[in-house]
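Undergrad: Please model the complete structure; the sequences and the hints are all you need to start from.
So the protein lines, in turn, are chains A and B.
Here the numbering used here runs 388 ahead of the position in the first sequence, where the first position is 1.
Here the numbering used here runs 388 ahead of the position in the second sequence, where the first position is 1.
By construction, these hints were calculated from the structure, which means they are not laboratory data.
Values in this document were obtained by computation on a predicted structure and should not be read as measured data.
Which copy? The list can't say, so a pair holds if one copy fits it or any two copies do.
DSS-like mimics (lysine-lysine), calculated; alpha carbons at most 30 Å apart, straight line:
| # | residue 1 | residue 2 |
| --- | --- | --- |
| 1 | Lys980 | Lys863 |
| 2 | Lys465 | Lys713 |
| 3 | Lys465 | Lys721 |
| 4 | Lys815 | Lys863 |
| 5 | Lys453 | Lys713 |
Protein chains: 2
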Amino acid sequence: MNRYYITFLFSAAALCAAAEEIKSPDGKITVNVDVKDGVPEYSMTFDGKTVIKPSSLGLELVNDKDLMSGFEIAGIKTTSFDETWQPVWGETKDIRNNYNQLVVELRQPSTERLMNLCFRVYDDGMGFRYEFPQQPNLTYFVVKDEHSQFAMDGDHTAWWIAGDYDTQEYDYTESRLSEIRKLMDGAIDGNASQTQFSPTGVQTSLQMKTDNGLYINLHEAALVDYSCMHLNLDDKNMVFESWLTPDAIGNKAYMQAPTHTPWRTVMVSDDARDMLSSNLILNLNEPCAYEDTSWIKPVKYVGVWWEMIGGGKEWSYTYDLPSVKLDSLDYSKTKPHGRHPANNENVKKYIDFAAEHGFDQVLVEGWNIGWEDWFGKSKDYVFDFQTPYPDFDIKMLNDYAHSKGVRLMMHHETSGSVRNYERHMEKAYDLMNKYGYNAVKSGYVGNMIPRGEHHYGQWLNNHYLYAVTEAAKHKIMVNAHEAVRPTGLCRTYPNLIGNESARGTEYESFSGNKPSHTTVLPFTRLQGGPMDYTPGIFEMDMKKVNPNSKGHVNSTLARQLALYVTMYSPLQMAADVPEVYNRFLDAFQFIKDVAVDWDDSRYLEAEPGRYIVVARKAKGKDDWFVGCTANEDGHTSTLSLDFLDKGRKYEAVIYADAPDANYKDNPQAYVISKKKVTSKDKLKMKAAPGGGYAISLKPL
Amino acid sequence: MNRYYITFLFSAAALCAAAEEIKSPDGKITVNVDVKDGVPEYSMTFDGKTVIKPSSLGLELVNDKDLMSGFEIAGIKTTSFDETWQPVWGETKDIRNNYNQLVVELRQPSTERLMNLCFRVYDDGMGFRYEFPQQPNLTYFVVKDEHSQFAMDGDHTAWWIAGDYDTQEYDYTESRLSEIRKLMDGAIDGNASQTQFSPTGVQTSLQMKTDNGLYINLHEAALVDYSCMHLNLDDKNMVFESWLTPDAIGNKAYMQAPTHTPWRTVMVSDDARDMLSSNLILNLNEPCAYEDTSWIKPVKYVGVWWEMIGGGKEWSYTYDLPSVKLDSLDYSKTKPHGRHPANNENVKKYIDFAAEHGFDQVLVEGWNIGWEDWFGKSKDYVFDFQTPYPDFDIKMLNDYAHSKGVRLMMHHETSGSVRNYERHMEKAYDLMNKYGYNAVKSGYVGNMIPRGEHHYGQWLNNHYLYAVTEAAKHKIMVNAHEAVRPTGLCRTYPNLIGNESARGTEYESFSGNKPSHTTVLPFTRLQGGPMDYTPGIFEMDMKKVNPNSKGHVNSTLARQLALYVTMYSPLQMAADVPEVYNRFLDAFQFIKDVAVDWDDSRYLEAEPGRYIVVARKAKGKDDWFVGCTANEDGHTSTLSLDFLDKGRKYEAVIYADAPDANYKDNPQAYVISKKKVTSKDKLKMKAAPGGGYAISLKPL
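TA: In C-alpha cells:
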C-alpha cells in the first residue's frame, strides 16, 4: 500500500472573500466553492465544460434555525491523498484512491454553529458531504430536508427511474430532462410496495449525457445512518435537488455531532467507459471494517427459485391454511398441495446438478414455514427463519450437499417485518452456522413494519447494515433483496456480497424488461455495488415453462451468457432450471467457465442504453472473459484483443448470436465457435437486437 | 384444583328475537345483550340498579366495511365455570374463578363475516370481548377504532387521570363526570413524554361512585397484541367510549383471525372493599404460561436511586461528554464529576445495609455507560446495557453481594429506544445470568423509537411482553417502569413482578403527590397488577436531602410504613437512603418485618380518595400485617381483629401517627406501641391528615 497525504492549511481571514477552487489530480476537473450572501454554493467543470452550474447547499432542520444561509467562511483546508488498496473481491485487483480534498469550514454567526463542506475531487468526478464537528451549539439535530442542489447546464438526456421511497424495480426511461414530467406516469408500473413523491422525482444513480458529449452521473456514497437521497428536478431551470426519504413522522434524519452526511457524488467524463470503470463510489467509502475476510468468497450458484418465479410453483406447502400462526401450527396435519419444489427430492436434484457442473451453492426458497399467507397482510410475526417445512430435511440436505462439495444457500424473506427479523436474527444465523450455510439471500417484499417507515429511510438503512454486521459475526455473507440501493458499502463490509435493489431478471417472467435494460444498469444501479441480477435464462418463452404465463425474456440466449461479464457481481446465479440447461449444455459451458472474481476489467465499448462490451481477467488466472450486451438495435464491434498478454496464444470460445437471432422471435439461435488468437488479433463481433455475445479466452 | 365447566347450547333460530340475559353466579348482576336494528348492544345491572345503560358495541376497520351494524344473531352459547387456582405470588393463597359465560355469535349477512361477543359475569363484575373465529371473509384486518360504549346512568363521581398515549404519571382528580372537561387542563402536568387526545379523555382503570351507592370500575384485562384502551366521555349523555392508542400511521390494531380483543371489564359493588379484593382482572387472564416458576420470588430491596431522584446526585459519571457515542468512547480519559453514587464504595455500603437488615436485593441505577446525554435526544443507540462505568466493578460487587446473601438488581433504562433494547436484550440478559442478577428494573422514559409509536400502542405492548417472555427464558424477573398499565398479565407471566405505570413516590420529591394519592391507586392502577411504588421515605423535607430541592413528601412517616401493606406488591423497595433509616431504626423495623407475599388479605375499610385499611397474612406464616392510608382528612378506625386465629394470642406492634402528626408540618411524629391481642379485640386507631398506621401481629 502506497499512501500520500499532504495537508495545506490556510488562514481563514485571508480567504473569506474569494471563491475556493480545487482541481482533480489530473487538473481536468475544477470545483469552485463559495459563500454568496451567506449561502454556500459550489460549481464544477470538466475540461472547461460546465458540469454543475452554481448550486446552493444546506440543510433545513426540525424545530431549529436552518443551516442554509447566514454563513461565513471560517477556515479552509486542502489536502491530497493517494493510496492503492486491494478489495476483498472486485473488478480489479488494485484500486487507486487519489483525490484532492477541500474542506470549507463554515460558521453561522447568528447561532455560533459550525458546518464544514468537504469536497474530494478525483480524475473521474467528485464527492462532497456536510460535516458537523463537535461544538457547543449543535449536537443533536433532526434534518427536515436536505437542500443540496445540482444545477444542470442544459436539457440533458437521462436514463432515469421514478423516485420512490419503497421500490427501485422500475424499467429505465431514456428522455430529455424536460420530458420527465410527461413521461412519469408511463414510467411507473405496479410493485408490492411503492411510494412516489413528485412528478419530476427520480432515483440515483442517475446517468446523464449532455449535448456536448459529457457523461454525468449523480449518486451517493457511504449511506450510513441517514436516509437515502432521491433527486427532484426543477424542470424549468434544470436544477436537481436532494430529496430524502422520510420516516414515519416525516423527518429525514436524526443526527448526533460529530457526524456527517453521506457523500453526494458527481461522476463525469467525455468517455462513457469511464463511468463504468470508475471506483469513485468505492473510494469514498471507508476501508474494510473486518480484520479477517478469509471467509468471504465469491459464489456461483443455482437454486430452487425460477420454478416459482416463472414456473408457477409455490413457496408454500399447503392450501389448507388461510391464517398461519406459526407457534400454533401443525403442518403435518395439512394436505400438501404438491406444488412445493423446496422438497427433499427436488433439492437433491439441484445439488446433484450443482456438483456435476461445479457450482458453489444451491439457493432454496420456500424451505421454511409461513409462506401460506406471508404477503400484504402487515403481518408482524410472519416467519421464524427456523422451522423447515415437513418435506425439507434441513440436516439431510446440507449433509448431502456437503458430501458433494456444495453448500446450500439460506433464504430469509422478511416480508418487510424487520422487528420480527431482528428478533429472530441471532437464532437464524446460528441455524445457518449449525448446518453449514455461509450465505443468505434476504428479502424485504411489501410495506415495512414498523408501519410508516419506508424501505429507504434511516430506520431501514440502519437495519440493513445491522443485518450485515451481525452476519459478519457469524461469518455469513448477505445478499439483500429489496433493500436500499448500494452506495459502495461493500468496500467496508465485503460480506455484503450482493443486492437486488433494481429490476432484476424476475421481471422478465412477469412483464419483461426493456431490451436495453442491461445496457443501463451498469451505468446506474451497479455504481454502488454488485447486483444479484440472476441471469442465465435460456428458455425465453415463459409459456413453455408455465402455460399460464404470458412472460417473455427480452434477451437472446447469447446475451444471457454475456451478462455474467457485463453485470459485475461476485455472486452470480445460473437462474434457469436444470432441465433447460441440459438442453443447451454447449452454451451452458460458458456459465460453468466464467469467473466471478477478477484481477482486471477493461471496458472496451460503452454507451448507456445502447451497448456495453467489457473484458475481464479472472482472479489469479490468465483467463479472460468478454461480454457484450446490446439494446434492441443490436451492436457491431471490432474488438481489439490487445489486453491479452503479448506474445501468448489463447483459445477463444465465442458464444455469439446466430445471424438471424433476435430477442423477440429467435432468441435461442446461437453459434459457438473456437479460434486461436493473440493480443494482435481483432474480432469482428455482432450482437443481435436485444442480443450480445460472450467470449472465453484461455492461454494455450 | 376444582373445576366445573358446564355448557348449554341453544339453537340460534329460536333466540334471535329476544335479548339474551346472563347473571352472575350469585344472581346479583345481570347483563343483557341484544342486537337492535343490526347494532349489538348490552346493558348491566347490580341488585336491580343500573350499572351500564344500553350501550352499543362494534369496531370500525381500515379499508373495510365496519363491524358495527348490519348484524344478526347466529347463535348463543352459555357456559359456567368454577375453578380455584393458586397464584405464584399474590394477595391470597387461592383465587376462585367463578363465572357464567354468554357467547353471542353474530353474523353480518352483507359480508358473511362473523364476530362473537363473549361475556363473563362474576359476582363482582363482568368482562366482555370481541372474538373473531376463523372464517373465509375475515382473516387479516386493521382496527381503525373500537366503539365499545359504557353508558353511565348518572353524573357519577370519578377518580380520573387525563387520557394520554404516553404517560400515566398524573395525580388523580376527584370530580363529577360533568366536571372532567373544565378540570382537564389543571389535571395535566409536565412529563417526559405525553400525548393527550381529548378534553374528556381519561385512563383506565377508572373508579367511579354513583349517588345511589354503587362503586363501578372500568378497565381492561389481558392486553396482548392490541393497543391500550382509554375512555372518551360524551359528557352530555355520560357515555364513555373506548379510545384506542394509535400507531405511527394512526391505526389502532392489526388483527389476524382467529383472534379476539382484550377483555373490557366492569367491576361493580355496593361495598368499596369489594373493588379492592376483586380478582376479576386476574381471572380474565390466561393461566400461568410457564411450567417451572420456582425461580420467581418476591423481592424486598433497597437501592442506589433516591440519592439521584431526591438527592441531586447523578446517573452520569462525567460532565466532559456533550455527545456520547458508546462505541468510540473512553471514559477513563474523562474527568469524573464525583456525583455518581453507583460507585464501588457506595454500592458496598448499600449491600452491607441490605445484608444487615435482611433485604433481598440492591438496585443500582446509573451503573452503565451512556447517561451523559441519554434523554430527550431521540437517540437510537443510547445504551448498550453491557458496559459498566469505570467506578462500578460489576464482578466484584456481585461477588461481594452474594457473599453476604444479597443480590444486585439490574437496571435497564431504554430511553424509549426499544429497537436498541431488543438488539441488546439477549446479551443484556446473558450478562445478568453471568453475574447472578435475577431481576431487572426496566424503564421507558421519553418519546418512543420507532418514532411515531406511543407507549401504549400495539407495537410497544408487544415489546413489553416480549421483554418479559425473553427474560423468562433466562429466569429473570421484570419490573418495567413507564410501560403500559398492567391488565392482569402477571397471572400468565408471573415474572412480570412489578410495574410503575402510574405516579410513584418519585413525584413526592419533584412536585408532590396529593395526600389522597395512595387511597386511590389501589382502586385504579393496582387493579391490573402490582406497582413498584417505592415507599418508605422517612425524610419528608427534601431540602434536608438536597438543598436545591423544593419537594415535600405528602405523607407521614407512619403512613410510609402502611404502604407496604396497602399497596400490594411482591416487589417492595425501601426507597430512602441508609443514613435516614439509621435515624429511625425503630420505625424501620416494620419494613424489615413486613412480608411481601401473602396467604390472605382482608380489606377492612375502604373508600376511594379517603382511606384504605387492609390486613394481610404472611405467606406460609401466621403473622398478620395491617396498614392504613388516609387522605388529608385523616381517618379514625375501630378495627376488629376477628381475622386472627380464634383463641390465639398475638403481639401487636403498632406504628401510629403521633396525636399531633400531620403530613405537612409534622410528618415524622410517630408512636410505636406494643400490646397483646386476640381475635376478640378491637383496636381504636387514628390516622393523621395524610397519615396512616401499620401494625404487625405475631402469634406469641
